[in-house]
Amino acid sequence: MAVSDAQRAHVAKLLGREPRGLRDIAVSDSRGRPMVIRVASLVDRKPFPTLFWLVDRALNYRIDQEEAGGLIARLQADINASTALRSSMAADHARYIALRDSFISAQERAAIDQLGFAEVFRQKGIGGIADRSRIRCLHTWYAAHLVSPNTVGELLDQHWRGAAGADCVSGC
1 MAVSDAQRAH VAKLLGREPR GLRDIAVSDS RGRPMVIRVA SLVDRKPFPT
51 LFWLVDRALN YRIDQEEAGG LIARLQADIN ASTALRSSMA ADHARYIALR
101 DSFISAQERA AIDQLGFAEV FRQKGIGGIA DRSRIRCLHT WYAAHLVSPN
151 TVGELLDQHW RGAAGADCVS GC
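So that you can map any letter, position 99 of the sequence shown is 99 in the UniProt record's numbering, and since no number is skipped, the others follow by simple counting.
In case anyone wonders, no lab produced these hints; they're calculated from the structure.
Given the structure is predicted, the values throughout are model-derived calculations rather than measurements.
The beta-carbon is built from N, C-alpha and C at its ideal position, and this holds for glycine as well.
It cannot be assumed that every hint is accurate.
[As the list claims (entries may be wrong)] Cut-off 30 Å, straight-line C-alpha distance, at most; resulting in silico cross-link-like pairs (DSSO-like, lysine-lysine):
no.: 1; residue 1: Lys-124; residue 2: Lys-46
no.: 2; residue 1: Lys-13; residue 2: Lys-124
no.: 3; residue 1: Lys-46; residue 2: Lys-13
[As the list claims (entries may be wrong)] Derived Cβ-Cβ restraints for the label pairs, each shown as a range:
no.: 4; residue 1: Asp-78; residue 2: Arg-33; range: 25 to 35 Å
no.: 5; residue 1: Leu-115; residue 2: Arg-161; range: 40 to 50 Å
no.: 6; residue 1: Gly-69; residue 2: Leu-115; range: 31 to 41 Å
no.: 7; residue 1: Glu-67; residue 2: Ala-94; range: 24 to 34 Å
no.: 8; residue 1: Gly-162; residue 2: Ser-133; range: 14 to 24 Å
no.: 9; residue 1: Asp-113; residue 2: Ser-133; range: 39 to 49 Å
no.: 10; residue 1: Ala-6; residue 2: Asp-113; range: 30 to 40 Å
no.: 11; residue 1: Ser-148; residue 2: Tyr-61; range: 17 to 27 Å
no.: 12; residue 1: Phe-103; residue 2: Arg-33; range: 21 to 31 Å
no.: 13; residue 1: Gly-162; residue 2: Gln-107; range: 44 to 54 Å
no.: 14; residue 1: Asp-5; residue 2: Gly-69; range: 36 to 46 Å
All chains, full assembly: derive it from the sequences and hints.
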(Lines of atoms letter the chains of each structure in order from A and count residues from 1; the text may use other names and numbers.)
(Lines give C-alpha, C1' and ligand atoms only; values in the text may rest on other atoms or scores of the structure.)
Protein backbone atom coordinates (compact mmCIF):
# COMPACT_ATOMS: atom_id res chain seq x y z
CA MET A 1 0.00 0.00 0.00
CA ALA A 2 1.30 3.45 -0.91
CA VAL A 3 2.12 5.91 1.84
CA SER A 4 -0.08 9.00 1.58
CA ASP A 5 1.32 12.52 1.68
CA ALA A 6 -0.37 13.03 5.06
CA GLN A 7 1.22 9.86 6.46
CA ARG A 8 4.64 10.86 5.10
CA ALA A 9 4.28 14.31 6.69
CA HIS A 10 3.28 12.77 10.02
CA VAL A 11 6.24 10.39 9.95
CA ALA A 12 8.55 13.31 9.10
CA LYS A 13 7.19 15.19 12.11
CA LEU A 14 7.77 12.18 14.36
CA LEU A 15 11.32 11.71 13.08
CA GLY A 16 12.15 15.40 12.96
CA ARG A 17 13.31 14.95 9.34
CA GLU A 18 12.10 13.60 6.02
CA PRO A 19 11.94 9.80 6.14
CA ARG A 20 14.47 8.10 3.87
CA GLY A 21 13.38 4.94 2.09
CA LEU A 22 9.86 4.97 3.57
CA ARG A 23 7.84 2.16 1.97
CA ASP A 24 4.88 1.56 4.26
CA ILE A 25 3.24 2.18 7.61
CA ALA A 26 3.69 -1.28 9.13
CA VAL A 27 1.79 -0.67 12.39
CA SER A 28 -0.62 2.09 13.38
CA ASP A 29 -2.21 2.80 16.74
CA SER A 30 -5.95 2.63 17.40
CA ARG A 31 -6.34 6.18 16.03
CA GLY A 32 -4.49 5.39 12.80
CA ARG A 33 -1.25 7.14 13.76
CA PRO A 34 1.98 5.46 12.58
CA MET A 35 3.85 3.48 15.23
CA VAL A 36 6.20 1.42 13.04
CA ILE A 37 7.33 2.15 9.50
CA ARG A 38 8.83 -0.20 6.93
CA VAL A 39 11.79 1.12 4.97
CA ALA A 40 13.57 0.06 1.78
CA SER A 41 16.51 -2.32 2.05
CA LEU A 42 18.66 -0.11 -0.14
CA VAL A 43 18.65 3.65 0.53
CA ASP A 44 20.90 5.98 -1.45
CA ARG A 45 22.67 2.87 -2.82
CA LYS A 46 23.68 1.81 0.70
CA PRO A 47 22.43 -1.24 2.62
CA PHE A 48 19.65 -0.54 5.07
CA PRO A 49 19.10 -3.88 6.82
CA THR A 50 16.75 -2.44 9.46
CA LEU A 51 13.36 -3.17 7.89
CA PHE A 52 11.14 -1.74 10.66
CA TRP A 53 11.58 1.54 12.55
CA LEU A 54 9.72 2.51 15.70
CA VAL A 55 8.38 6.05 15.21
CA ASP A 56 5.88 6.30 18.09
CA ARG A 57 7.33 9.01 20.36
CA ALA A 58 5.82 7.78 23.63
CA LEU A 59 6.94 4.22 23.05
CA ASN A 60 10.40 5.37 21.93
CA TYR A 61 10.73 7.40 25.12
CA ARG A 62 9.55 4.51 27.27
CA ILE A 63 12.13 2.22 25.70
CA ASP A 64 14.81 4.95 26.01
CA GLN A 65 14.14 4.99 29.76
CA GLU A 66 14.40 1.20 29.98
CA GLU A 67 17.70 1.21 28.10
CA ALA A 68 19.06 4.04 30.26
CA GLY A 69 18.06 2.03 33.33
CA GLY A 70 20.18 -0.93 32.24
CA LEU A 71 17.46 -3.23 30.94
CA ILE A 72 19.49 -4.37 27.94
CA ALA A 73 22.25 -5.68 30.22
CA ARG A 74 19.75 -7.48 32.47
CA LEU A 75 17.91 -9.09 29.55
CA GLN A 76 21.20 -9.96 27.86
CA ALA A 77 22.35 -11.75 31.02
CA ASP A 78 19.14 -13.83 30.95
CA ILE A 79 19.71 -14.62 27.28
CA ASN A 80 23.35 -15.55 27.86
CA ALA A 81 22.23 -18.01 30.54
CA SER A 82 19.56 -19.66 28.38
CA THR A 83 20.17 -21.90 25.40
CA ALA A 84 16.43 -21.79 24.67
CA LEU A 85 16.34 -17.98 24.50
CA ARG A 86 19.42 -17.87 22.26
CA SER A 87 17.90 -20.48 19.96
CA SER A 88 14.63 -18.56 19.84
CA MET A 89 16.47 -15.34 18.98
CA ALA A 90 18.33 -17.08 16.15
CA ALA A 91 14.97 -18.24 14.77
CA ASP A 92 13.64 -14.65 15.09
CA HIS A 93 16.55 -13.39 13.00
CA ALA A 94 15.98 -16.07 10.35
CA ARG A 95 12.28 -15.15 10.08
CA TYR A 96 13.16 -11.45 9.89
CA ILE A 97 15.73 -12.05 7.14
CA ALA A 98 13.14 -14.03 5.15
CA LEU A 99 10.51 -11.32 5.67
CA ARG A 100 12.91 -8.55 4.65
CA ASP A 101 13.90 -10.60 1.60
CA SER A 102 10.24 -10.90 0.59
CA PHE A 103 10.00 -7.10 0.31
CA ILE A 104 13.08 -6.70 -1.92
CA SER A 105 12.07 -6.10 -5.52
CA ALA A 106 13.94 -7.66 -8.45
CA GLN A 107 15.39 -4.24 -9.26
CA GLU A 108 16.58 -3.71 -5.66
CA ARG A 109 18.02 -7.25 -5.55
CA ALA A 110 19.98 -6.60 -8.75
CA ALA A 111 21.36 -3.36 -7.28
CA ILE A 112 22.22 -5.09 -3.98
CA ASP A 113 24.09 -7.80 -5.88
CA GLN A 114 25.83 -5.32 -8.19
CA LEU A 115 26.95 -3.19 -5.24
CA GLY A 116 28.29 -6.24 -3.39
CA PHE A 117 25.85 -6.10 -0.47
CA ALA A 118 24.11 -9.47 -0.90
CA GLU A 119 26.04 -11.02 1.99
CA VAL A 120 24.95 -8.20 4.31
CA PHE A 121 21.32 -9.10 3.72
CA ARG A 122 21.96 -12.83 4.15
CA GLN A 123 23.81 -12.34 7.44
CA LYS A 124 22.30 -9.32 9.20
CA GLY A 125 19.09 -9.88 11.11
CA ILE A 126 16.85 -7.67 13.21
CA GLY A 127 18.28 -4.16 13.34
CA GLY A 128 21.24 -5.17 11.19
CA ILE A 129 22.57 -7.37 14.00
CA ALA A 130 25.08 -10.06 12.97
CA ASP A 131 25.41 -11.79 16.37
CA ARG A 132 22.19 -13.79 16.62
CA SER A 133 22.31 -13.83 20.44
CA ARG A 134 22.75 -10.09 21.06
CA ILE A 135 20.10 -7.46 21.74
CA ARG A 136 22.05 -4.26 20.96
CA CYS A 137 18.89 -2.07 20.76
CA LEU A 138 15.44 -2.61 22.26
CA HIS A 139 13.83 -0.15 19.83
CA THR A 140 14.61 -2.22 16.75
CA TRP A 141 13.57 -5.47 18.40
CA TYR A 142 10.31 -3.96 19.60
CA ALA A 143 9.49 -2.40 16.24
CA ALA A 144 9.89 -5.85 14.66
CA HIS A 145 7.89 -7.40 17.54
CA LEU A 146 4.92 -5.14 16.87
CA VAL A 147 4.89 -6.46 13.29
CA SER A 148 5.64 -10.11 14.10
CA PRO A 149 6.22 -11.27 17.71
CA ASN A 150 9.80 -12.07 18.70
CA THR A 151 11.73 -13.19 21.76
CA VAL A 152 13.15 -9.84 22.88
CA GLY A 153 9.84 -8.07 22.33
CA GLU A 154 8.14 -10.69 24.49
CA LEU A 155 10.81 -10.26 27.19
CA LEU A 156 10.13 -6.52 27.14
CA ASP A 157 6.38 -7.13 27.37
CA GLN A 158 6.99 -9.48 30.32
CA HIS A 159 9.13 -6.81 31.98
CA TRP A 160 6.35 -4.26 31.55
CA ARG A 161 3.73 -6.69 32.82
CA GLY A 162 5.83 -7.12 35.93
CA ALA A 163 6.21 -3.38 36.48
CA ALA A 164 3.64 -1.90 38.85
CA GLY A 165 0.78 -0.31 36.96
CA ALA A 166 2.46 -0.66 33.55
CA ASP A 167 0.59 -1.65 30.44
CA CYS A 168 1.87 -3.33 27.31
CA VAL A 169 1.52 -2.08 23.78
CA SER A 170 1.47 -5.39 21.91
CA GLY A 171 -1.51 -6.91 23.68
CA CYS A 172 0.15 -8.49 26.72
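Exercise for review: Mind listing which of the numbered hints don't hold for this structure, in increasing order?
Suggested key: Structure breaks hint 9 only.
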